[in-house]
Amino acid sequence: MRRLLALALTIGVVWFVVGGAGIVRPAPRVTALALGFSLIAAALTGALLERFHLPRVTGYLLFGMLCGPYVLNIITRPMARELQLINGLAVVLIAFIAGLEMNIERLRPRLRAMLQLGSISMLGLYAGLFAAFWIGWPWLGFDEAFTTIQKTAIVAILTAVVASYSPTVTIALIAESRASGPLSELTLAVVILADLILILAFTLVMQFVRYAFGGTGDVGLLVSLSWEIFGSFAFGATVGALFALYLRYVGREVAVALVAVCAIIAGLGSQLHIEPLLAALAAGLVVENIAPPRGDMLKQAVERGALPVLVVFFAAAGASLQLDALALIGWIAIVVSALRMALIWIFMRAGAAYARIAPPIGRMVWMGMVSQAGVTLGLTLIVAGEYPTWGTMVQTLVVSLIALHQLIGPVLFRAALARAGEIGRMDATSA
Amino acid sequence: MKVRFRTSGRTLGSLLRTRAALGLRPAMAPVMIFLPLGMVLGPAGTRIIGTDALAHLDVVISIVLATLGVFIGIAAGTQRSAGRLAAASTLEAAITVLVVGGATYLLLRSWGMPSLVPHALVALVLGLCASASAAAAVGEGDERTRRIAARVADLDDVMPIVVGGGVLASIAAGETPALAAAGLSIGLGAAIAVSGWLLFERAEGAERDVFVLGTLALLGGSAAYLDTSPLLAGLSAGMLWARAPGQTEHVVATHLRKVQHPLVVLLLVTAGASLQPTLAGIWLFAPYVVSRTAGKLIGGWAASRVTSGVAPSDLGAYLIPPGVIGIAFALNILQVAPDGAIPIVFAVSAGAVVSELLALIVTPGPPDPTPV
Chain A
1 MRRLLALALT IGVVWFVVGG AGIVRPAPRV TALALGFSLI AAALTGALLE
51 RFHLPRVTGY LLFGMLCGPY VLNIITRPMA RELQLINGLA VVLIAFIAGL
101 EMNIERLRPR LRAMLQLGSI SMLGLYAGLF AAFWIGWPWL GFDEAFTTIQ
151 KTAIVAILTA VVASYSPTVT IALIAESRAS GPLSELTLAV VILADLILIL
201 AFTLVMQFVR YAFGGTGDVG LLVSLSWEIF GSFAFGATVG ALFALYLRYV
251 GREVAVALVA VCAIIAGLGS QLHIEPLLAA LAAGLVVENI APPRGDMLKQ
301 AVERGALPVL VVFFAAAGAS LQLDALALIG WIAIVVSALR MALIWIFMRA
351 GAAYARIAPP IGRMVWMGMV SQAGVTLGLT LIVAGEYPTW GTMVQTLVVS
401 LIALHQLIGP VLFRAALARA GEIGRMDATS A
Chain B
1 MKVRFRTSGR TLGSLLRTRA ALGLRPAMAP VMIFLPLGMV LGPAGTRIIG
51 TDALAHLDVV ISIVLATLGV FIGIAAGTQR SAGRLAAAST LEAAITVLVV
101 GGATYLLLRS WGMPSLVPHA LVALVLGLCA SASAAAAVGE GDERTRRIAA
151 RVADLDDVMP IVVGGGVLAS IAAGETPALA AAGLSIGLGA AIAVSGWLLF
201 ERAEGAERDV FVLGTLALLG GSAAYLDTSP LLAGLSAGML WARAPGQTEH
251 VVATHLRKVQ HPLVVLLLVT AGASLQPTLA GIWLFAPYVV SRTAGKLIGG
301 WAASRVTSGV APSDLGAYLI PPGVIGIAFA LNILQVAPDG AIPIVFAVSA
351 GAVVSELLAL IVTPGPPDPT PV
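Just so you know, the protein sequences line up as chains A and B, in that order. Residue numbering for the first sequence follows this note's numbering, starting at 1 and increasing by one per position. Residue numbering for the second sequence follows this note's numbering, starting at 1 and increasing by one per position.
Hints may contain errors.
If you want the footprint, here are the derived chain A segments under chain B, 3+ residues with CB under 8 Å [to be verified]: (1) 3-17; (2) 395-409.
Restraint-style ranges between C-beta atoms, simulated for each label pair [unchecked claim]: (3) A:415 with B:45: 51 to 59 Å; (4) B:53 with A:415: 42 to 50 Å; (5) A:104 with B:55: 37 to 45 Å.
One-sided excerpt, in silico: chain B residues whose CB lies under 7 Å from chain A [said to hold, decoys possible]: (6) 192; (7) 210; (8) 262.
No lab work stands behind these hints, which were simulated from the structure alone. Every residue, glycine too, gets a C-beta built ideally from N, C-alpha and C.
Next up, chain B with everything else stripped away, as it sits in the complex (with noise of 0.2 Å):
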């Protein structure tokens, strides 16, 4: 039982690690694909999708950010033996944030750049996107530094989904406080985690494909609803599946990696056109970019410290990879700010971008197979 837990676990990790779950080549990961994809298609663009399509898109959205807080919670929730590693993980995110932040803050403050959202939630909500990583997907037989790698990324996505859900209150501008809304997207999940789980397991064929989608959209659409964040909603939700009774996170965990290439295209397809050049955007993205490398490589340094005999020192050259989930978190951003996050998002793509192109070049290939 603990095997297929921790493979359907695995298996989910490898959504956030896109290039293997979309089945990639490692010099074509989907954000260099999708995100430019999208904003040709965009209203910046040929106008394919236009903004009555994007606003359409957002709904999707909401429902798409839960299903991911859902993998991470997962594949994070069945990771039961990985304190030192969940520490690790928790600690490189949680410099990069700082370190990302602070460059952030700094500059926007020396700038004295305008700003619809305060500088110092830009700065932290970069942070945050930047610390979110995705190293490459691993199997059985590859080495145990890769395979390290690959479940410290899973992990670091933990900590800025939870802080996030404050953060996205905060400029949510509701009355709700951050942390009593973070609590609410916890709640939340938690209480429609319960609904599921007394579902799943009994219903068979279409009708469980029923819940589980009903499930996922209740998810996303509660928290959207109440301005709170689906990202986290979807990981409480996810992590009460891992450790509840039964097999539920199976049902769930198979259900899931029917939908996680749509998925993943159209988050990056619609986070595409969302797009908007401001000189904002385009003067965030290389502080970004270049803060978030440091940041990286800092954190995973400290982090094999950490771990010391566990993580490797060049940790942080696996993590240079951003996912999908700094661009979500970034959207969700977008989606209750919809005029101050344009830069953010701009920020956050592009430099997802860039980032992928750099970690060709830093981080570590798969050795080479051994001669015959």
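Isolated chain A (complex conformation) (with noise of 0.2 Å):
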């Protein structure tokens, strides 16, 4: 009774600031506000939510939406905008928790059934998806006429953005629900194995769409892509080695300084053209396998500093949900993804068949991949910048895909970790 008159409240005073003042204010004067809000009332949705046995994260996104300029517009545009400032910082901080919770000792045993999962499974729904494209091109409604290898280059660059799955939403869902065990470590290394497949299948598709549309391609491909690549998870392991270091030798604000790193991280990520993700994935998995920290504190800093962060990403990637879109193409796109979902469930079950995955956790591995988010948006948005006649009508399909799947995604998978009693392992283990 006391969280709902206290988010009744807060949603009035922001109601009464947004709405009382009549004004629209420039971006910088809306940031603190929007984040404040985003804090106190995501959260408290979150909690309501998760009484009724749903992630914290679907209510984070539940207010986002609601509150956001689709709905309410109490969050209006320029305070979603803002509050995405923060996606950079998150998505760092989200992977260099993921790479603390990899021991590599502890995964050794179960490396090889977790590689062949995840390729077999990553090779069957990119040639489903692939076919599906190919076989209801006229129905995905590209109105322009195109040639053969450029139909084909189009199909295969929506492949590779549709096949996507989401490393944020998954290792979010897995932080907040302090879930342990086989099913998530299982999720967690295949989404990630995914994301490296994702970087690679993307950068070689876009290379032949370019070729397709009649572009020169990029000659230094394969030193970009390394670059890219190897380039990221060296720069996250120095950053991770010296973080390590700060750690044994200093270990005071370490929650200051984690975020710090993080920010250094998704800072000179972008500077130096290198996948923030893998980086801070790198870093955190030098932490944990090379010089892992004695005691608590990094876990203490980590739990004080994840949750804020957590909230107002999800918050944001709420509010900034194209609910227009979805209602622009909204039965292509449930066909898609039920298309997309059922093709994951296919060979997910398949692989973990092969790779002889004991059926309780290789049954419901699928749940964990249905997910997508700021990845997947981040590489539409790169094809809709270069060709935006076509390019856009991927987009348009991709946020609304984004839109459903944000929303099932995380159900389905805390359903999953429930099921496998994973849920607040992770305090059990660490106790």
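Dock chain one against chain two, each of which comes alone in its own frame, and use the hints as you go.
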């Protein structure tokens, strides 16, 4: 009751400030308000949904969606844009947490099975989606006339983007529900592997698209690809090693230092053209596997630092969900989403059977692969930016899919974690 | 329970006496380190903190201002039996405002200095910035005079923040009258504080962190959105928490203690980076330091007369160190009047550095330890 009252009061205050002022403020003026509102109200909505056995993340998303520009407009468009500023930091922090959770020694016995599952499921998903888009081309809404090679290129890029998973949501859900166990580890390993494959596939397919549409293609393709993958790991590992030294020899204000490290990776990452997610993952891996800190200081810092970032990140994602895109091509999006889920279900089960992963986990692992988020959106923005005519159509479809998968994915994955009995086991393991 | 409240109030008050809060030696006030550092890093120096970064820091500054307001609100709200001390502090602050404001106004008029902000408002703002003070940190074993000075330093920030709420609205030139804007800040602060009061006690761990951080951001953000004072909104919330039933004040105090060091550093570095040495700022700086010192000494003497037998006659000498509130208020003015407040920020910041140096000479040090 107290929480509901506090939520009502918070919404009332912000509604009064935003609506009562009757003026549109420039961006920096709205950021703190958006931040405070999201932190309190989204956290309360998440806690409320948890009572109904739904993920808190879904609560944060729903809050953003309801209060965002498309529904109640309490979080106005400038506010939603300003909240996006935290995205870079959030993705890095989330990936860093994922790295900390991946103990190579512990994963070694299952590494082969994980690779087999990941490879088979990704291959199946790519092939299935490519075939489906090729056959369903007339219904996808591309009005222009394309040559066969151009059509192949568009279908290939659409496949690469639609097949992507969301490491961010997976990691966030594991961190938020304090889950630990074979399902969490398997899902995490597969989404990270898929992310590596996605970067590789997207870069190669984009070169093919450029060739198909009369571009010259990038001569330094392999160099840039190598830099993006290996450079990210090298940069992240260096930062991780420095952070490990800090933890060992200074060990003060760890939460502040952690956020600073993430800000460095996020900030320098874009300037150095490296993939921040991979860099942060490498940093976390180094800290966990090479120089693990003594005691609980890092664990506590991560717990304290992660929640506010997750709350704002998902509230911002909810506020930015383009519901108008979903309304525009709703049926196509629903069909494609259903097809994607069916393919994930089929090939995950097939991969699990081949890799001899025990049935309860093997049957449920597909449920952690449905979510899509920032990485997918980022890739479509690249396509739409380079090819505004047909790229915009790809963007509209993918944005609609993200809206659907953002809502369905976390619910499914949490249900799987609950059925596997892994929720809350992170604390039990570390205790 | 009472002891605990008073302890947290005193600990928060120590933030305003920032030397101790940052664990620095008395000769190394943070103002003297981080203001010049900010200037070196800022657009006027190496440009490591560029104008874009400063624009982003502006967001954080609103939250920092609200947090400082909460610090002062709690520190003031917990000193329940300090009626005479509160009166003395207000008198001391008011005299400083009059001396600095009066001197500045006369000088501005006689110089005929062009200014984007009316002369009277510039004078009033400088007076308000000057009236905040930060006596040295005290412990249980310190002499009584120093403890009294520390409590006066805590309380003399209240009046400038309240008056400053109205002044800020006048400078912002919005549609809301100054008095209504100050009332709006207080009302918003109280409403958000009630929301916090409902949340803090029953939350735990990281969730409580989220609520405290969110509440502070909401305090700063809503005030910034309406061009009202985040300091006043924070003060209002802090005072309400200090007097609310339960342990809200204790919860907030515990959380704020963890962030006090980064907050002070961030504020000072941002202030340093925002400094632009203009002719007007340089002209205002010397009279500001001189009149502030005079105002503090006169105000301290007058306050000691009001609280005869409680405060010492040399109270003013203990109140020379300016702390961070004056700089915080100047930055707040800069947010609403980006061009007009440049000389004010320079005069107050440079004045703070010199006042800290002056305090090393003027302010009585702790008694020598008794020889064994």
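Quick rundown of the hints versus the structure:
no.: 1; hint: 3-17; verdict: holds (count 9)
no.: 2; hint: 395-409; verdict: violated (count 0)
no.: 3; hint: A:415 with B:45: 51 to 59 Å; verdict: 55 Å, holds
no.: 4; hint: B:53 with A:415: 42 to 50 Å; verdict: 43 Å, holds
no.: 5; hint: A:104 with B:55: 37 to 45 Å; verdict: 43 Å, holds
no.: 6; hint: 192; verdict: 6 Å, holds
no.: 7; hint: 210; verdict: 5 Å, holds
no.: 8; hint: 262; verdict: 6 Å, holds
Going down the numbered hints, you'll see the structure goes against just number 2.
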